[in-house]
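**Q** Next come the chains, spelled out residue by residue.
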Amino acid sequence: MTAPAVLRRSEAVVFLVIVAAMLAIGAINPAFWQLGNLFSLLRSNVITGIMALGVLTVMISGGIDVSFPAFAMTAMYLTLRWMLAGGHGGVAVPFAMATAIGIALGALNAFFVHSVRMIPLIVTLGTAALARGFLLGVVGTSNINIDRMPPQLIGFAGTELLATTGPGGAHIGLTAMLPIYLGLALAVHLLLRHTMLGRAVFALGGDREAARRAGFDLARTTYFVYGLAGGLAGFAGLLHVSMIWLANPHDLAGMELDVIAAVVLGGASIFGGRGSVVGTMLGVFMLVMVNNSLIIMHISTTWQRVVVGVIIIAATALTALRDRRRAG
Amino acid sequence: MSGTFDLRRLLRRDSSVLQLLLLTAAIFAAMSALNPEKFLRAYNFQSLTFLAPELGLLAVAMMLAMLTGGIDLSVIGIANLSGILAGLFFHAVGAPRGPALMHLPLLPVAAGIAIALAAGALAGALNGLLIARLRITPILATIGTGQVYVGLALVLTGGPAIVGFPALWDAIGNATLFGIALPLLLFLLVGAGVATALSRTALGVELFLIGTSAKAAAFAGIRLGRAIFLSYVATGVLASLAGILLSARTNAAKSDYGTSYLLQAVLIAVLGGTNPAGGQATVIGVAIALAALMLLSSGFQLMRFSNFLVDFIWGAFLLIVIAINALRNRAR
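Chains A and B are the protein sequences, given in the same order. Take 361 as the starting number for the first sequence in my numbering and just add one per residue. Take 12 as the starting number for the second sequence in my numbering and just add one per residue.
So here's chain A without its partners, still in its complex pose:
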């Protein structure tokens, strides 16, 4: 049982890389350390981070999910259209509804992965096309702009923990969505590490047959992991549009790659059985920081994809080497 020690080490590596990168970015442009920039960096972690928690759980169970951005947009857009059509307000009910739609869509993934026994990548590619196609082909393609966005949602997502005034008189605030992300992360961490369900997720990803013989309910576990990923995506989708005041059903396309990259960067193994919430949060922070800091470093944003791609390759190469060392 050397796994925990190694895990701690790979998280420590990511942490050290982050510190080094922060020092480097700060050296290139000291504006990086301004409070406003740091707050906006933390704010950018929220949506990617919440979605990454679901993807992490799927990956620990030995699966992969590329459908969650499509699910997030479907849940968000259906919820908003329902609110606008019926004049419904509130905050808790819409978020519960978006989460529920996400869970239902996640259950569809679980059905194909568990009952049909199809490779998760191909299943989720299919359900992603299904959800996006339904959303854009049946529900609608038009944006919901700020003038029509429900004011309670904007008010809720605009809540701030603390606020101050910057040097130029600009308003600087730390979003209160951060504790929501941290709370969800803590919940997923406790669930994975301290409940039988969490143990089943690790067992399923470690060795499916062994998990079955040990008496774990594989169907329930599979539905749980894909349902969790879908539910978190639905929640994050509505939160995302509430934070940017614009609901575009085309939004978040391609985000699955960033999130998977962040989870792998955080030390999770695509073969399952390994991964941690802390590692994933560090991976998300690393990726978001690089994406946000390209402009600060005077690098053209067209390079963003190349940089993300190189990070994915480097991180996966390192984990592959680590896995091989352990196997050999």
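Don't read these hints as lab results, they were simulated from the structure. Honestly, I wouldn't trust all of these hints.
[Unchecked claim] What the simulated footprint calls covered on chain B by chain A, stretch by stretch (three residues with Cβ under 8 angstroms from a Cβ of chain A suffice, anywhere in the stretch; the number is not a length): (1) 134-146; (2) 324-331.
[Said to hold, decoys possible] Taking CB as the label site, the calculated pair distances span: (3) A:476 - B:33: 17 to 25 angstroms; (4) A:529 - B:167: 35 to 43 angstroms; (5) A:477 - B:110: 55 to 63 angstroms; (6) B:210 - A:377: 45 to 53 angstroms; (7) B:234 - A:477: 27 to 35 angstroms.
Given the structure is predicted, the values throughout are model-derived calculations rather than measurements. For each residue, glycine too, the CB sits at the ideal point set by N, CA and C.
Starting from the structure of chain A, add chain B where the hints point.
**A** Below, chain B alone, put in the same frame as chain A:
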């Protein structure tokens, strides 16, 4: 492991080809019944023979990657990058526009083709290196390289499309030979080549063995790394060929062209009898699946379904097909 075009032998050996043919016939009949005037027009089928080959090449590329239990999610990036590199080359040696570009002679156009194919081979080699040598899972390796290829395409173009290719280049995607679309002839030629290579060469047989059981293949003395590396190089070259057809047909190249092709290539490969876990694939199956799905989507487009709805139908079709396959395997 069928590569020859002897139909009787093929049908006897693989009943799934027969089922695919029946499915294609059923789709054809249903679409003809739904759009009696428009669907059966010669023009409709003619335009499909120009449109389908680029997707068919991507599906064959995907099939090759799946043959060893892998997948290549970077094929679209490779295709676009290849077209863009050739386009930039033409703009550099000819002119950004005008007759100097239009009437570029054969030699520079051939050089452009070589550049595009070399880019595909190089990109495929990088994939192969990461997968075969560093043993990165194909999904993650090609997600990463796909980002890099799309990213490089973005950096090279700055975002907007490269518009304007030489007339000779455009002919690859738009001309006819003996009354048959050149892209279709190209696809048939390449498909037959891949099928022959898979059934008649040592490398082809090795790939099937690796896909069936990598461990047994290793014990049989097959150099896994080399075979897998070469299969990804071939996948890259096929993807760049698709990129040549795409840019030739549309007279433009862009970093985000054909993004919906990725799902469609996977779907066609799986529907064509390719086992994503490896060891099972036929070019003829992929070709029939391509025909079936092109008929399906053209039929729906004629009924004025939006492209988004067609995407929905592709997704639904993929899920239904894998569910039926699973039920059939269970019954066996």
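**Q** The structure should be examined with respect to each hint, and the outcome stated for every one.
**A** Hint check results:
1. 134-146: holds (count 3)
2. 324-331: Result for this restraint: holds, n = 6.
3. A:476 - B:33: 17 to 25 angstroms: holds, 22 angstroms
4. A:529 - B:167: 35 to 43 angstroms: Check passed, 42 angstroms falls within 35 to 43 angstroms.
5. A:477 - B:110: 55 to 63 angstroms: Between residue 477 (chain A) and residue 110 (chain B), where Cβ atoms are some 59 angstroms apart, the hint holds.
6. B:210 - A:377: 45 to 53 angstroms: holds, 48 angstroms
7. B:234 - A:477: 27 to 35 angstroms: With a Cβ separation near 32 angstroms, residue 234 (chain B) and residue 477 (chain A) satisfy 27 to 35 angstroms, so the hint holds.
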